[in-house]
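Student: This is what each chain is made of:
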Amino acid sequence: MRKKRHFIRSFIIMAAVFFLMGSYQNRLYAESTDHSVDSETVDDEFNEEDFGESEGEDGFGDDGHNGFDEPDIEIKLDISKLKETGSQEDSSLSFGGFVKEEVGYSYSYNDSNSSPYDKPVFSKIRTTLNLYLDYKFLTDWKTKLVGNGYYDYAYEQRGRDKFTDEVLESMESEAEVRDFFVEGPIADWLRIKAGRQVIAWGESDTAQITDMANPRDMREIGMVDLEDARIPVLATKLAVLFGSLEVDLVAIHEFRANKTGARGSEFDFLADLPAVLATLGGTLNEEETTGYNDSEFLIRFYKTFNGGDISLVWADTYDDFFFLDSSPGSASLTPRHKRIQSIGATGNKVLGSWLFKTEVGQKSGKALALKSELMGQKLGSGIYKTSFDSDDEVWVEKNILEGMIGADYSGFSDLTITAEVTGEQIQDYEDTLEDNEISGGYSLRIAHSALNDTMKSTLFWIRYSDDNGDVVRADVQYDAVEALTLTIGVIDYLASKTDATVYPIKDNDRLILSAKYSF
Amino acid sequence: MKLNRHITIIQLVAGILIISSLFYSSLIAAELSAREIMEKSENVEDGETMISSMKMILIDRKKNQRVRVLKSFRKDYGEDKKSISFFLSPADVRNTASMAFDWDDPDKEDDNWLYLPALRKVKRISAGNKKDSFMGSDFSYADMNRREISEYDYKILKKSAMVAGHDCWVIGSMAKKEFKKKTIKETGYLKSIGWIRKDNFVAVKSKIWVKKGKKIKYFKASDIVKIQGIWTAKKIEMKTTKRKRLEHATILLFDNIVYNKGVDDQMFTTQRMERGL
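Residue numbers (the numbering used here), protein chains in the order written: chain A, 1 to 519; chain B, 1001 to 1277.
If you're looking for bench data, these hints aren't it; they were derived computationally from the structure.
Ideal Cβ placement from N, Cα and C applies to all residues, glycine included.
Some hints could be false.
Stated by the list, open to error - Footprint (simulated), chain B over chain A, 3 or more residues, beta carbon under 8 Å: (1) 223–230; (2) 236–247; (3) 293–307; (4) 473–485.
With the rest of the complex left out, here is chain A (with noise of 0.2 Å):
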């Protein structure tokens, strides 16, 4: 029944946010444009016409055919803008960024939860700080370099004293270096690009299958930006051109894993693991984040044909996602990362206004977690393993399958719709995993334009199978002035079930508003 008002309350929220955006547009619209008119009373016109019929002798109505009747209408042209932008083209130095302003507004704390998120609030009042810097030189190289910052004022303002060191140090204030490359031919066949990069491969907007160089930022799920999303590494790429087949050979030079909610932050997904390990006698540590020195390799075959494109990727990396394995001696539990190798294949399509697309994988060597009364027998049984490399494991190693199908539809004015199944299934299952033999989700994004594009709304919900819970998110950007983009959203996570992947998160709910300025 919860669950129920919950969804039903979410529901409204996204609704009104998006149509209700909507119907502004539309409101502004209908001050030009008359949507009464029938659209078959304007067919009709032309229905018995030709040239010298109906609407005049000509056909071309009281404008005769002498009538351009232009409106007088003048336009005088910003030259201050013109000469701005005037020679942008031939600078080998560029340099801008932007400055971003956050306000996140967590309306569903209540008393139920534990300090400090404990009643409304404003969780975030970010601002952020992004520059960078490119430069070209010789005959096509050119060198890049972003850096990035922000200092969130809410930890202060709402007490600093509330709040773990591994939260403000993970969310409190940032600054980074994020792409940092030199990139450039070796031969006409030839190109390297090397330093920090992204290298984004994969069909799939929320599945990561083949899309395996690059970590993710999840510290808030479903919040973070698209272009914070993707944390670069330190890598040399490769690409060797065959006309339209594109090889890439990268090797990765530095492990950086996923960055995911920090211990005691409202996205702490293992909050309640501390005390149940405490009654063992036992400690979550801190994650393993150091000593994985060994390069990661990925190959990709990319090729396009007319009206599609196929791509094959093979990996040997470090999962980016940690697994949490026991810690010699004792009954704790460290969160590590395991070498993985990976092999997945792309594939997309256009019919019309419909593009298909699909990806395919395998994860090998994948650990998985024994569930966790199994975990509890062993942790507290006194017998701990030696060394990492124990074999009395709390985790076992298993093969993944992953797949993913979708589409975008863009076939309405001004609309694009995109759905995604994605799943994955467990191979040689064991009924000791955590886990189940077989997950997945669904994702729908609706994404509209209007006012000349300067009105962009988007909808987007994703839903994990198997009762695992929902996150919906509604929000609408516009182009107040050049450059000068506003944002008002809602997010909304639901979950019933207490053992749901979405339920630790479930009161995070969040009214987001932005403004942002690039320069």
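Take the given structure of chain A and dock chain B to it, following the hints.
Tutor: Just chain B, lined up with the frame of chain A:
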């Protein structure tokens, strides 16, 4: 800015030429039939390759202006065309790139890709709704595509009219009855009138009736010069009006146009889209 169905500015230039050719051009030879004139107009010279820069000025009802700057490359492969465009500004769309392969064979789907720097990812995109605005401008995607000449009736409404000192024909165009539904669905346009210069067959202005909202579009081309033997309009504008009041306008300023200069085949790859200019 809507970028999910992208067509390069090269196609825009070609599209403007097609607008002119479809409706109005090649009528200098009075003895030619309308059909012959239209077929001839399909072969308007536009060079084997083209490199150009464009400033797109988007103007709203309050005359607020937004400026987009693009650089584009096109290459013909027989009757097929490949083109790629890069956004240079404004800052929030800088490095966005689009690429299109326009196949002459009607049985082949045109290929379109879009590179969004925020995603750092090249995405294939479908043709979508051709009535939609091209990049938030007053030009539609349908404006860029060739229309079937055989689906329209044409009529010379006036044999001589002066526009900016140039003698023009005034030509009306309307879909034939049997194609009316189809063409209106594809283009959103009901009919049009155009003014064609007699000395070079370039459309200098036109008036287009839009079905949705009973809007009227006004097209104008000016600063028409011969570049490497090819007539080229360096300024093009389209105003969308409703009851004679401006709704939105777009002005395109072309510059640095070079025809028939070697354009490498590797310019038209998804890898190039990622790299940018």
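Student: Would you mind marking each hint as holding or not holding in the structure?
Tutor: Structure-based check of all given hints:
1. With 4 residues having a beta carbon nearer than 8 Å to a beta carbon of chain B, the stretch 223–230 of chain A meets the requirement of three or more and the stated coverage holds.
2. Chain B is given as covering the stretch 236–247 of chain A, and this holds because 4 residues of the stretch bring a CB closer than 8 Å to a CB of that chain, at least three being needed.
3. Coverage of the stretch 293–307 of chain A by chain B holds. Counting CB-CB distances below 8 Å, 4 residues qualify, and the rule asks for three or more.
4. Restraint check on the stretch 473–485 of chain A versus chain B: 5 residues with Cβ-Cβ distances below 8 Å, three needed, restraint holds.
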